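Asks: Sequential numbering of the sequence shown, starting at 146, is according to the numbering used here.
Derived lysine-lysine pairs resembling BS3-like cross-links, with alpha carbons at most 30 Å apart:
{"no.": "1", "residue 1": "K256", "residue 2": "K268"}
{"no.": "2", "residue 1": "K291", "residue 2": "K273"}
{"no.": "3", "residue 1": "K243", "residue 2": "K226"}
{"no.": "4", "residue 1": "K256", "residue 2": "K273"}
{"no.": "5", "residue 1": "K180", "residue 2": "K225"}
{"no.": "6", "residue 1": "K243", "residue 2": "K258"}
{"no.": "7", "residue 1": "K225", "residue 2": "K243"}
{"no.": "8", "residue 1": "K260", "residue 2": "K243"}
{"no.": "9", "residue 1": "K258", "residue 2": "K268"}
{"no.": "10", "residue 1": "K260", "residue 2": "K273"}
{"no.": "11", "residue 1": "K226", "residue 2": "K180"}
{"no.": "12", "residue 1": "K256", "residue 2": "K243"}
{"no.": "13", "residue 1": "K258", "residue 2": "K273"}
Rather than coming from a laboratory, the hints here were simulated on the basis of the structure. These numbers come from a predicted model, not from an experiment.
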Amino acid sequence: MDFECPICSDDSHVFNSNETQLCMVADCGHVFHRKCVAQWQERGHTTCPSCRQHCNRVYDLYGAVSLPVKKKVQNDRPCKKCSLLHSALGNLRRCYVKLQSTLDTARAVLKEKEKSCSLKDWKIVHLKSVIQTYQLRLNVTTRIRKNS
146 MDFECPICSD
156 DSHVFNSNET
166 QLCMVADCGH
176 VFHRKCVAQW
186 QERGHTTCPS
196 CRQHCNRVYD
206 LYGAVSLPVK
216 KKVQNDRPCK
226 KCSLLHSALG
236 NLRRCYVKLQ
246 STLDTARAVL
256 KEKEKSCSLK
266 DWKIVHLKSV
276 IQTYQLRLNV
286 TTRIRKNS
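Please model the entire structure based on the sequences and the hints provided.
Replies: In structure tokens, the structure reads:
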């Protein structure tokens, strides 16, 4: 089985890779040389070198590729991982729908509040003009009384 490390672009035969031990980024499943990932992480990167997805863990694949028994066990893990990921994706979708509904409700409430504030602002402007008119009338009335 041939393998090309995306970091160093070195073609290796997986079964003869004692010096170039393989590892897998847990979150996305991309495979690299262990040495290449270690150098990548030493440079301060916390993402997968291939897809830039944030990675929490890196697993060594030493011996797992060449042993048929391990292959069978590993073949089960992706299925379990896929079902867990599908379940998590379903939960995230439900959460997204709830959040979208909450956002829509909040937007509707905000629109109503803005409409109400706009109406109140208009009333305030109107009442200020009424006060100004009455103030002018009061001033005129006061002058007339003083002159009389």
